[in-house]
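Number of protein chains: 2
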Amino acid sequence: MISPARSAAKRPATDGRIRVAQVGLGEIGKSCCRVTAGKKILQLVGAADIAPDLAGQDLSSLLGIDLPSPMTVFGSIPDLIEAARPDVVIHTTGSRLETVLPQLEEIISRSVSCVSSTEELLVPDYRNPAAAERLGKAAVKHKAALLGTGVNPGYVLDLLPVVLSGACRRIDSIRASRAVDLATRRQALQEKAGVGITREEFRRKAAAGRMGHVGLMESAVLICRTLGWREADLRETIAPILAREEIRTRKHHVPADFVRGLNHIVRLEQEGQERLYLDLRMNMLEPEPGDWIEVRGDPKMEFRIPGGMPGDDATAAILVNTVPILAAARPGLHTILDLPAVRYCS
Amino acid sequence: MISPARSAAKRPATDGRIRVAQVGLGEIGKSCCRVTAGKKILQLVGAADIAPDLAGQDLSSLLGIDLPSPMTVFGSIPDLIEAARPDVVIHTTGSRLETVLPQLEEIISRSVSCVSSTEELLVPDYRNPAAAERLGKAAVKHKAALLGTGVNPGYVLDLLPVVLSGACRRIDSIRASRAVDLATRRQALQEKAGVGITREEFRRKAAAGRMGHVGLMESAVLICRTLGWREADLRETIAPILAREEIRTRKHHVPADFVRGLNHIVRLEQEGQERLYLDLRMNMLEPEPGDWIEVRGDPKMEFRIPGGMPGDDATAAILVNTVPILAAARPGLHTILDLPAVRYCS
Numbered sequence: 001m002i003s004p005a006r007s008a009a010k011r012p013a014t015d016g017r018i019r020v021a022q023v024g025l026g027e028i029g030k031s032c033c034r035v036t037a038g039k040k041i042l043q044l045v046g047a048a049d050i051a052p053d054l055a056g057q058d059l060s061s062l063l064g065i066d067l068p069s070p071m072t073v074f075g076s077i078p079d080l081i082e083a084a085r086p087d088v089v090i091h092t093t094g095s096r097l098e099t100v101l102p103q104l105e106e107i108i109s110r111s112v113s114c115v116s117s118t119e120e121l122l123v124p125d126y127r128n129p130a131a132a133e134r135l136g137k138a139a140v141k142h143k144a145a146l147l148g149t150g151v152n153p154g155y156v157l158d159l160l161p162v163v164l165s166g167a168c169r170r171i172d173s174i175r176a177s178r179a180v181d182l183a184t185r186r187q188a189l190q191e192k193a194g195v196g197i198t199r200e201e202f203r204r205k206a207a208a209g210r211m212g213h214v215g216l217m218e219s220a221v222l223i224c225r226t227l228g229w230r231e232a233d234l235r236e237t238i239a240p241i242l243a244r245e246e247i248r249t250r251k252h253h254v255p256a257d258f259v260r261g262l263n264h265i266v267r268l269e270q271e272g273q274e275r276l277y278l279d280l281r282m283n284m285l286e287p288e289p290g291d292w293i294e295v296r297g298d299p300k301m302e303f304r305i306p307g308g309m310p311g312d313d314a315t316a317a318i319l320v321n322t323v324p325i326l327a328a329a330r331p332g333l334h335t336i337l338d339l340p341a342v343r344y345c346s
Numbered sequence: 347m348i349s350p351a352r353s354a355a356k357r358p359a360t361d362g363r364i365r366v367a368q369v370g371l372g373e374i375g376k377s378c379c380r381v382t383a384g385k386k387i388l389q390l391v392g393a394a395d396i397a398p399d400l401a402g403q404d405l406s407s408l409l410g411i412d413l414p415s416p417m418t419v420f421g422s423i424p425d426l427i428e429a430a431r432p433d434v435v436i437h438t439t440g441s442r443l444e445t446v447l448p449q450l451e452e453i454i455s456r457s458v459s460c461v462s463s464t465e466e467l468l469v470p471d472y473r474n475p476a477a478a479e480r481l482g483k484a485a486v487k488h489k490a491a492l493l494g495t496g497v498n499p500g501y502v503l504d505l506l507p508v509v510l511s512g513a514c515r516r517i518d519s520i521r522a523s524r525a526v527d528l529a530t531r532r533q534a535l536q537e538k539a540g541v542g543i544t545r546e547e548f549r550r551k552a553a554a555g556r557m558g559h560v561g562l563m564e565s566a567v568l569i570c571r572t573l574g575w576r577e578a579d580l581r582e583t584i585a586p587i588l589a590r591e592e593i594r595t596r597k598h599h600v601p602a603d604f605v606r607g608l609n610h611i612v613r614l615e616q617e618g619q620e621r622l623y624l625d626l627r628m629n630m631l632e633p634e635p636g637d638w639i640e641v642r643g644d645p646k647m648e649f650r651i652p653g654g655m656p657g658d659d660a661t662a663a664i665l666v667n668t669v670p671i672l673a674a675a676r677p678g679l680h681t682i683l684d685l686p687a688v689r690y691c692s
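Protein chains in written order, with this note's numbering: chain E, 1 to 346; chain H, 347 to 692.
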């Protein structure tokens, strides 16, 4: 049912596989490359990163895997696209739409579809309607499909609750929580969660809008729009989790009374009734990591992933598994709920 | 993101709601009417059933709810469509494509989209490729969208496992089971499961292909096609569950050693490895009703609905919640995995 995008007409004749290029070679980007390289229906055709120490490197060595043909990391998106002629780009460079907007424009203006881990792109018009309008028009004009997704946002706290709601005759409320053990996650995420800083520094950063998980509010907005709840009523709190005692692992050290993680909550109440409750805890040595979704209504449903879905690995899986869906999508700026839901691709 | 189908151009001017008609007024059909009547974005515009005792009845009395305007049950699909001018028909009359084919043709040949609970329609070309081809051509020609779904098949043992697979880097196997307490379900389903018949009669019927749950194989085929597994390797077993002791409830009586339910299993092995295991137990006074899905791979995921998703109610919910998705779909014969996943509609 899924066929390569029509916009791929000018690309080199291939064996029917979808040509995939990677933009951004951080941990998630490298993981995307490895997953892509293992798929029968996808062909990894190149990668780019603007980091000066990455451009020019041998991709195979960087990934630690054998690739069918040698590839060198490109230092710019135009160079990558011109040389590699991808059907779809997987983009993993940043959380904020404002930061990545020029990159996304470079991709779609070349008629290449793009699936991105940019958290704000889950509901692009929520924080940056001007950027969303620009991207939407450019995507249609250049016949490219553009989508933001990942595991959080994009899956555990939005797609799964929404799909569960589909079997309900009545919905009273949706509650979902995700507790992540940051000791098992990449350093960048630990820093985003404030690990190792003081309570005062956390408060200062939170007041400046620089703490919290970019994407939690996006998940809540997507659910509200889908279920007809007022997104203007959403309320969020971001609080530090402090280390009562010193935390020391082989790799990490958090002194007592310093920040070991954060608790980010988004809630919606309507007429005194709680409708939506999303609770994200990202914590060093979190005692009870796991994902949990409860849909209260008729029927009542409960979903658990004991231990929790591994964030970085699952984000790479979701981005790569989304490629065939995006390649078959009509041009435009999509959300995950406009398109067929992600499923494993072989 | 979802707008009424283009094929609705000739229908009466409305307030923007999608006009929905019901075909089939068994328990699930009546439930669909009630759910539809409670939705803001849908308008119940009529219903039909071929049963002579239903045609001509007052729909409101039949449903036991107040409807905004009086409606009489039609005795034929053409009469219903001519009078009610629906955008979408919800169709709940039978499990077998061969039986319902003329009804589906009556609907889509009038350019009306249709979501049906017909179990074989989940993967229409699997058992009846000729019918699937006819329906597909007619749907495109008459600009109607056609889809088969429900809770089983359509959700618990196919859509949910497939959506869970979307977060996997690697899939080793999918195991899912559904245990239904038939004492809580409609009589028609109890009869389908052989409740109250002898072991010998069960075996005779099973040998003649008349036992087992229509749709379990369809769920397995949909998963195989999605994940690239060989559907030709699927194997099924259908075994009776016998009452060790007499079962007596207010409504039911099963003598000892008679059939109290069935256990239907579909499996796929490849190279000695189990890849897929779907286990459906439908049983009078089932001791442990519940749904359970396990995706083994990277990561491993487990999903449980304690007590199980209520089949009839959830099927009605899923059919009604699918209406806006179908109204926005391009013309043609779809599967649930071609379209955006079902979600609650308000």
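Any given hint might turn out to be false.
[Stated by the list, open to error] Here are some of the chain H residues that sit facing chain E, going by a computed Cβ distance under 7 Å: (1) Val508; (2) Gly512; (3) Ala554; (4) Gly574.
[Stated by the list, open to error] Stretch-level coverage of chain E by chain H, calculated; a stretch enters the list once three of its residues show a Cβ under 8 Å from a Cβ in chain H: (5) 152-163; (6) 168-175; (7) 222-232; (8) 301-310; (9) 331-342.
[As the list claims (entries may be wrong)] Cross-link-like lysine to any residue pairs, in silico, SDA-like; alpha carbons within 25 Å at most: (10) Lys40(E) / Lys386(H); (11) Lys646(H) / Pro306(E); (12) Lys597(H) / Glu632(H); (13) Lys489(H) / Pro448(H); (14) Lys489(H) / Asn474(H); (15) Lys300(E) / Gln533(H); (16) Lys538(H) / His598(H); (17) Lys141(E) / Thr99(E); (18) Lys137(E) / Arg175(E); (19) Lys646(H) / Leu189(E); (20) Lys40(E) / Glu617(H); (21) Lys386(H) / Pro306(E); (22) Lys40(E) / Glu620(H); (23) Lys385(H) / Asp338(E); (24) Lys385(H) / Arg225(E); (25) Lys300(E) / Arg532(H); (26) Lys40(E) / Lys489(H); (27) Lys39(E) / Arg516(H).
Because the hints were derived from the structure by calculation, they are not lab data. All figures in this text were calculated on a predicted structure; none of them were measured in a lab. From the three backbone atoms N, C-alpha and C, an ideal C-beta is built for every residue, glycine too.
We went through each hint and held it up to the structure:
1. A least Cβ separation of about 5 Å between valine 508(H) and chain E falls short of the 7 Å threshold, and the interface hint therefore holds.
2. The beta carbon of glycine 512(H) is positioned within 7 Å of a beta carbon in chain E (closest approach about 3 Å), and the interface hint is therefore held.
3. Contact between alanine 554(H) and chain E, as hinted, is not supported at the beta carbon level, the nearest pair being about 33 Å apart and thus beyond 7 Å.
4. Contact between glycine 574(H) and chain E, as hinted, is supported at the beta carbon level, the nearest pair being about 4 Å apart and thus within 7 Å.
5. Here's how the stretch 152-163 of chain E fares: 5 of its residues keep a CB closer than 8 Å to some CB of chain H, so the rule of at least three is met and the hint holds.
6. Counting residues of the stretch 168-175 of chain E whose beta carbon lies closer than 8 Å to any beta carbon of chain H gives 3, which meets the minimum of three for the stated coverage.
7. Chain H is given as covering the stretch 222-232 of chain E, and this holds because 3 residues of the stretch bring a CB closer than 8 Å to a CB of that chain, at least three being needed.
8. With a cut-off of 8 Å between beta carbons, the stretch 301-310 of chain E has 8 residues touching chain H; three or more are needed, and the interface restraint holds.
9. Coverage of the stretch 331-342 of chain E by chain H holds. Counting CB-CB distances below 8 Å, 7 residues qualify, and the rule asks for three or more.
10. For the suggested pair lysine 40(E) and lysine 386(H), the alpha carbons sit about 45 Å apart, so the restraint of at most 25 Å is broken.
11. For the proposed pair lysine 646(H) and proline 306(E), the alpha carbon gap of about 9 Å is at most 25 Å, so the pair holds.
12. The suggested pairing of lysine 597(H) with glutamate 632(H) holds, with an alpha-carbon distance near 16 Å, which does not exceed 25 Å.
13. Restraint check: the Cα-Cα separation between lysine 489(H) and proline 448(H) comes to about 18 Å, which is no more than 25 Å; the hinted pair holds.
14. As the CA atoms of lysine 489(H) and asparagine 474(H) are separated by approximately 22 Å, the hinted pair is consistent with the 25 Å bound.
15. For the given pair, lysine 300(E) sits about 24 Å from glutamine 533(H) by alpha-carbon distance, which is consistent with the 25 Å threshold.
16. Taking the CA atoms of lysine 538(H) and histidine 598(H), the gap is near 15 Å; set against the 25 Å cutoff, the hint holds.
17. Between lysine 141(E) and threonine 99(E) the alpha-carbon distance is near 22 Å, which keeps this suggested pair within the 25 Å criterion.
18. For a cut-off of 25 Å, the pair hint linking lysine 137(E) to arginine 175(E) is broken: about 35 Å separates their Cα positions.
19. Note on lysine 646(H) and leucine 189(E): the hinted pairing holds, with a Cα-Cα distance of about 22 Å set against a maximum of 25 Å.
20. Between lysine 40(E) and glutamate 617(H) the alpha-carbon distance is near 19 Å, which keeps this suggested pair within the 25 Å criterion.
21. Only pairs whose Cα atoms come within 25 Å are accepted, and lysine 386(H) paired with proline 306(E) is rejected, the gap being roughly 37 Å.
22. Of the pairs offered as hints, the one joining lysine 40(E) and glutamate 620(H) holds, with about 21 Å between alpha carbons and a cut-off of 25 Å not exceeded.
23. Distance hint between lysine 385(H) and aspartate 338(E) is fulfilled; the C-alpha atoms sit about 21 Å from each other, no more than 25 Å.
24. This hinted pair checks out: lysine 385(H) and arginine 225(E) have alpha carbons roughly 16 Å apart, not beyond 25 Å.
25. This hinted pair checks out: lysine 300(E) and arginine 532(H) have alpha carbons roughly 20 Å apart, not beyond 25 Å.
26. A C-alpha spacing of about 35 Å is found between lysine 40(E) and lysine 489(H), which places the hinted pair above 25 Å, so the restraint is violated.
27. Note on lysine 39(E) and arginine 516(H): the hinted pairing holds, with a Cα-Cα distance of about 10 Å set against a maximum of 25 Å.
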